[in-house]
Each structure stands twice: as C-alpha cells, then as structure tokens.
Amino acid sequence: MEFGVNNSTLHTAVKLQTAGEYVDTTLMHILLLALAVICSVFAVVRTRVIRAAIILAVLSVIVTLILFLLKTPLAAIFELSVCAGLITVIFISVIGLTNPLTREERCEERENMFKKFVLLPIVVIVCAAAFYMLTWGVDFVPVPITDAADITDKAALWHGRQMDLLGQIIIILAGVFGVVVLFKDTKGDDDK
Amino acid sequence: MSYETLFLFKLYLIAAPLLFVIGIYAVITTKNIIAMIIGLEIMTKGVTILLAAAGYFNGRPHLAEPLIITMIVVEVVVLTVSAGYIINITKKHNSLDVAHIKNLKD
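The listed protein sequences correspond, in order, to chains U and S.
Using the numbering used here, read the first sequence as starting at 1 and increasing by one per residue.
Using the numbering used here, read the second sequence as starting at 193 and increasing by one per residue.
There's no promise every hint is true.
[What the hints assert, rightly or not] Derived CB-CB ranges, DEER-like:
hint: 1; chain 1: S; residue 1: K283; chain 2: U; residue 2: G137; range: 19 to 27 Å
hint: 2; chain 1: U; residue 1: I125; chain 2: S; residue 2: S194; range: 24 to 32 Å
hint: 3; chain 1: U; residue 1: I54; chain 2: S; residue 2: T197; range: 33 to 41 Å
FYI, nobody ran anything at the bench for these hints, they're computed from the structure.
Beta carbons: idealized from backbone N, C-alpha and C, even for Gly.
From just these sequences and the hints, can you work out the full model?
Right, here's the structure in full:
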C-alpha cells in the first residue's frame with residue numbers, strides 16, 4: 001500500500017500553482033476591474049432592457065473572475081451560478097412576461113440617450129478622481145491585530161455563522177411567501 | 193508591505209465605489225422599472241467586490257466568503273420579489289414607466 005502523493009499528481013499540482021501565480025498579476029486585476037466598470041456603464045446606457053440584462057450577466061462573469069483572483073472561490077462559484085445564471089433567467093423571464101416599451105417611450109429613451117452617453121462618463125471620471133484623491137493619503141493596508149479570526153474555511157462558513165444561516169433561511173422563506181402572494185391569480189385581475 | 197499590494201488596495205478602493213455610483217446613477221436617471229433593478233444589481237456587484245477585497249487584503253479571505261454568500265442570497269430574494277411586483281404592476285398599468293404608475297394604492 002502506498003502512502004503519500006504520487007509523482008504525476010505532484011507534478012500537476014506544481015504546474016497548477018505556477019499557472020495560478022502567472023494569472024494572479026496586477027495587470028489581471030486592473031484589466032478585470034476596468035472591464036467591470038465598462039460593462040456596468042454599457043448596461044446603464046443601453047436602449048433595450050434585454051441587452052442590459054445580458055451585459056449584466058457578462059458583468060457577473062467578470063465579478064466571478066475577480067472573486068477567484070481575490071481567493072474566495074466558494075463565493076465566486078455562488079456568483080457564477082446564481083448571479084450569472086439564475087438572475088439572468090429571472091430578468092429575461094420578466095422582460096418576456098411584461099410588455100416591451102411603446103413607440104413613444106422608445107422615442108423618449110432615444111432622446112435621453114445623449115444625456116446618458118455624455119453625462120455618465122463625466123460622472124464616472126469625476127467620481128474616479130474624487131475617490132483617487134480620497135485614497136491619496138492611504139499608505140498602508142489596515143490589518144487587524146487579533147488572531148481570533150484565524151479559523152478554517154469550513155469553520156467560518158458552517159460554525160461561525162449560525163445566525164447568518166438562520167437569517168438566510170428566514171429571508172428565503174420571506175421571498176417564497178412574497179412570490180406566492182404576488183403571483184397569486186385573483187379573479188378580479190382580468191376584469192380590470 | 194510591497195508597493196504592488198498598496199497599489200491594488202487603492203485600485204479596489206476606487207473601482208468598487210465607482211460601480212456603486214454607476215448603479216445609483218442608473219436608479220436615479222431611468223424611469224424603466226427593470227432598468228432600475230439592473231442599477232440595483234450593479235450596486236450590489238460593487239459591494240461584493242469591496243467585501244472580497246477587504247478579506248483578501250486582510251489576509252483572511254475565508255471570513256469575507258460567508259458574508260458574500262449571504263449577500264448573494266439576499267440579492268436573489270430581492271430580485272425575485274421585485275420581479276413579482278413588476279409583473280403585477282405591468283398587468284395593472286400596462287407600462288414599465290414609473291411615471292405612469294401614479295396610483296399604487298389602487
């Protein structure tokens with residue numbers, strides 16, 4: 001019986017670690033953050049809501065990649081499956097179930113496009129400059145001194161967050177009851 | 193602490209609030225209810241990135257993970273309930289424009 005890791009597995013692990021180090025560069029962080037900002041701007045200045053929903057899904061994928069880079073893989077998987085998958089499906093269903101914009105509303109939207117295309121980049125640039133000025137004086141990353149928080153991933157998720165889990169269960173139940181009440185087909189609806 | 197870490201920390205401090213601002217802009221400027229919810233989603237993405245960055249730069253990303261997961265759950269529930277509201281409002285008023293929805297109490 002053999003104990004320990006065999007050579008090929010070790011070799012693959014070393015290869016993967018090297019690939020991870022290669023990917024985790026400052027340039028990747030900059031690129032992904034820039035893409036996230038650009039995608040969110042495009043999602044706001046769109047003319048059709050369905051396109052905005054699809055751009056939002058792309059934004060979720062970018063956020064997933066950022067979360068992987070920030071060493072939170074579980075949250076990244078949640079983000080990808082729930083935000084990029086489920087939320088996009090909900091959005092597209094809602095857009096399909098509701099009426100599209102009328103001709104007047106679309107004309108009004110197009111008139112407002114100029115305002116959006118011009119004003120939003122200006123707002124983004126001004127806010128970026130303001131945040132840059134605010135972070136100008138920051139010359140250290142604040143790290144807590146206590147070691148009380150040094151627990152494993154599993155313990156943090158399942159043992160340290162009982163109240164969070166309870167809260168999540170209550171929120172999910174509230175959502176389910178909300179949907180049941182909202183989608184209830186009342187007799188008077190069709191008459192109105 | 194290396195210069196690179198500090199640079200990345202500042203970058204996240206700039207980019208994540210920027211996403212939040214873009215979301216607020218979307219909520220303020222548009223009259224379409226679905227576009228408003230999309231703005232809300234963009235705001236949530238900014239908060240998610242900031243939470244993950246806080247965990248990463250503290251050296252304890254596993255503590256940020258449960259918070260992010262909790263936030264995603266809340267996000268989905270909010271979206272689902274608002275989807276129900278949108279469908280009901282559209283049934284009643286036949287428009288997605290908030291300017292046309294004047295009598296919510298009816």
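TODO: Please flag the earlier hints that this structure goes against, numbers listed from lowest up.
DONE: 1
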